[in-house]
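Visitor: Sequence:
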Amino acid sequence: MSVLNGGSYQNTEGETLAAASPHIYKEATMKINSKLWATSIKIMVFLYFSVEKRQALQNVLCKLKLETHKSNKLSLREVLEINLGSLKEATPQKLGDLPWHFLRKVLSLNVTARNTNLEQGQLNYQEMREKEEGKLFSENIFFTNENISMNTLDVLCAVLLCSDSFLQQEILSKMSLCQFALPLLLPPLESPTCTLMLWAMRDIVKKWRPHSMAESRGFKEESLVAASMPTISFVRMGNLQLSKSNLLNVFLSPSQQHHNFFQHRDMECGTIPREIADGLVEMAWYFPGGQQSSDLFPEPVAVANLRGDVELHRVQFSFLTQVSSAVFIFTEHIGQKEYDFLSSLKDPSTQYYFILECESKECNETLTFLNKLAPVLKFNTSHVLAKAATRNKAEFVEKLRSTVGKIITSCKRISIEEMVAVTGDCKIQVDEHNQECQNAFRWAQQITQDIKDVVTYKKEMLILQGDLWTNLAKLEKELCRTERQGDIPLENYKSELTGKLLEIRKEQKKHGLSTDMIKFINGIKCLKFDEKHCFLKWMKYMLDHIARENFSRLQEEYKEKCKVLGYSGQSISDTEREISFSSLGVEHFIRELGQFYEAEYSVTKGSQIKSQFNNFPSIAADLMLEGFPLELMDGDAFNIPLQWITDVLHDLNNKVGGQSKLMVIAVLGMQSTGKSTLLNVMFGLQYPVSSGQCTRGVFMTLLHVREHLSKDLGCDFILVIDTEGLKASELAKLEDSYQHDNELATLVSGLSDITIVNMAMENATEMKNILQIVSHAFLRMGRIGQKPSCLFVHQNVSDVSAHDQNMRDRKHLLEQLNEIAKAVAKMEKFERNITFIDIMDYDLEKHHWYIPGLWHGVPPMAPVSRGYCEKVFELKKYMFEFIRSDLYKRTRKDIPQFIEWVKSI
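Sequential numbering of the sequence shown, starting at 1, is according to full-length UniProt numbering.
Incorrect hints may appear among the rest.
Stated by the list, open to error - Quick list of simulated restraints, FRET-style, between CB atoms:
id : residue 1 : residue 2 : range
1  : Lys459    : Glu221    : 35 to 41 Å
2  : Gln336    : Val858    : 45 to 51 Å
3  : Gln55     : Lys94     : 20 to 26 Å
4  : Gln671    : Ser495    : 53 to 59 Å
5  : Leu385    : Gln257    : 47 to 53 Å
6  : Lys94     : Thr271    : 38 to 44 Å
7  : His812    : Lys459    : 38 to 44 Å
8  : Lys822    : Lys655    : 29 to 35 Å
9  : His264    : Ile518    : 22 to 28 Å
10 : Leu385    : Thr271    : 22 to 28 Å
11 : Ala394    : Lys459    : 40 to 46 Å
12 : Glu460    : Arg265    : 55 to 61 Å
It is worth saying that the hints were derived from the structure and are not from the lab.
Values in this document were obtained by computation on a predicted structure and should not be read as measured data.
Glycine residues also receive a C-beta, built at the ideal position from the N, C-alpha and C atoms.
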């Protein structure tokens, strides 16, 4: 039996080769000198299995229709495209559907992503004949159709192999939110060595509350690859009746919150033999929530799981012994062969434990060799856990947890970044050790290495985003509104404001580019495409790390000041302001680019822009085409850099050859109600959220619509707009906070064809305020001929009867909306009485959606709820059905028309 198909490896190396290829074996015995016999046999066995692995890989890729993507890697942009498949909820019908089924499901955070069941077709001829003969049952009932499907881990390995590094990052990031175990070491598939998936995990950030911080109610937030913690590894030696992965799932699952972190044989398609995934090392984590009564461990613990027999994957096993605090070996039998293998392990820093499930006839031999191994591996009776067939699993798991709990009290801790030091000895490659990634890392490090205090850094290096820009934003708004005109003639007043604006632009231009901005510009101009993509990713990771540390420090300062000074006073206000402005991300550097471009354009009137600024819009347009969000309005000065946005979008329009019909979908709602999460789950996106804070400003992401669907929908792209929350707490103290919310709602509703209003609000007063803001915005749009559609999403409502039960509430809401519409019409000096339906397209039945809570259980160990994802998918399908039906009602805006809308609003 092939080792790649999960078979046991019982023969010696010579016997294996003889069985595999008698001809090669016979020639070897005749020609090879006896002194070189062992070495030659090992080389020939390696070559044989290498050929078999390559053939197995080719077979899997062929079945999954991924052969072309082995060299031409799948990209995130390609996967996020809107096509017919992304709008269907269908069971895969053939093996070639499995990769796309997995990608669509995992990017939308659906916990069923690992299911590889195929839809069963019509009855075959034999089954039809038996039915005609009146046979209700036949021997076929003892067999399944699993032989026509594929093991989930094989699909995962194949998809990762055929994905570029950025899609790999997105896959693992979404898998982490689903609480799936992540691939730590990919087996040698395309290359002769295993691969440490360090870069693929770089995007993942975790929050937890260790018991040491439970009293202060603090928490830790850190990049997954940088967090040091004990690593406990579990491996199998020989065949087992016990499911190791299933046991680990119970081991990691808190009470009443069971979850399948690791795929196992009792799950759907779990018994299908693995073809290429043997040798895969997966890792799952336990993070405490600060509840001593329910947490399994007081601090984070990493759990590694090697797939396949440990004797066949010695490289992976060697790696695990060096990085682990303890290694648990599952086995049913220890004989001479197993003893020889285990006694060769010499790493003194690793503790070895055995989980035995012995049959009575082999127990004596196992005990004999255990006694011989004890002094060699330095273990005692506490290191052996016997799992008898009659022993209760829950009791055994408690024993295992107790053992691990004792280990982690005093053991080595290691991060995934630190594991890199071991890879050289084990001949394991690291995914981010390629030239492009390392070159991009050096460029990013030059910019970020000296950043200490974020607020100070922004004042010194991002000069145009300080008071100059805030004052400029105020002048631009006053130029539109002329609220402080007084007795000055209008033309004179506007001329005066225009002059002040030009003076600020000239002052901006005088500052020149800071050293770090020059480095940033050189990075995005000089690097090749893949390097530029890596450079921006490295910038994001490094800046997020710095922002997290700054945010944590400021929060501690704030707590200490509040204890001493109370919750008021100038010192407290200053710290609050620092916290509010402590975010730092790539968007701040792009924002500075836009300001320099605007200053240069304003002063030169667009005729003599310096060459160093001239291609900035083109670079930003390229990033948009690749799926990077572009900031439309910042969250600090609440300003739209109009010339910058205009020229970026014009360049974007040119790059797509003028085929730029847009359907715009946006979301509005209160802060921290899950707006960004809703869009991320709906479209597979990952909107930037500053460390420790909510989305600030307005961002837009471009999604391509496949050609065969674009005619049906009447658009070439979907433009998704994410917004900061209305009624934001950090803006509540500002005099014009209500006006800011009105401006934000007007902007978003004016630009969108469909506005999703998130109604996850705790009290009626806040809900009424939000509805009033939204009504103001829609009324203003109606006056200029824009009548967008609106969907109300009520989150955290899980009852199946919610829609019917809340019929009265919806009618009451419509009454409120009508009253609000009348009040708003008076405020806006509208001439006639109107109802809410006069303002916008609204259907009492179809435009309300009830979505259950996001988490299934209690974070940080809770996965995303399946009900949440499925309901969001239903909402997505409805929206696209609406877009189809709406095709002939209105003309879609293209990018030039969209630009004009931005200007007019």
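Visitor: Work down the list of hints and note, for each, if the structure agrees.
Guide: Evaluated hints:
no. : hint                         : verdict
1   : Lys459 to Glu221: 35 to 41 Å : violated, 25 Å
2   : Gln336 to Val858: 45 to 51 Å : holds, 49 Å
3   : Gln55 to Lys94: 20 to 26 Å   : holds, 22 Å
4   : Gln671 to Ser495: 53 to 59 Å : violated, 39 Å
5   : Leu385 to Gln257: 47 to 53 Å : violated, 24 Å
6   : Lys94 to Thr271: 38 to 44 Å  : violated, 20 Å
7   : His812 to Lys459: 38 to 44 Å : violated, 50 Å
8   : Lys822 to Lys655: 29 to 35 Å : violated, 47 Å
9   : His264 to Ile518: 22 to 28 Å : violated, 54 Å
10  : Leu385 to Thr271: 22 to 28 Å : holds, 26 Å
11  : Ala394 to Lys459: 40 to 46 Å : violated, 58 Å
12  : Glu460 to Arg265: 55 to 61 Å : holds, 59 Å
The structure fails hints 1, 4, 5, 6, 7, 8, 9, 11 (numbered hints given earlier, in ascending order).
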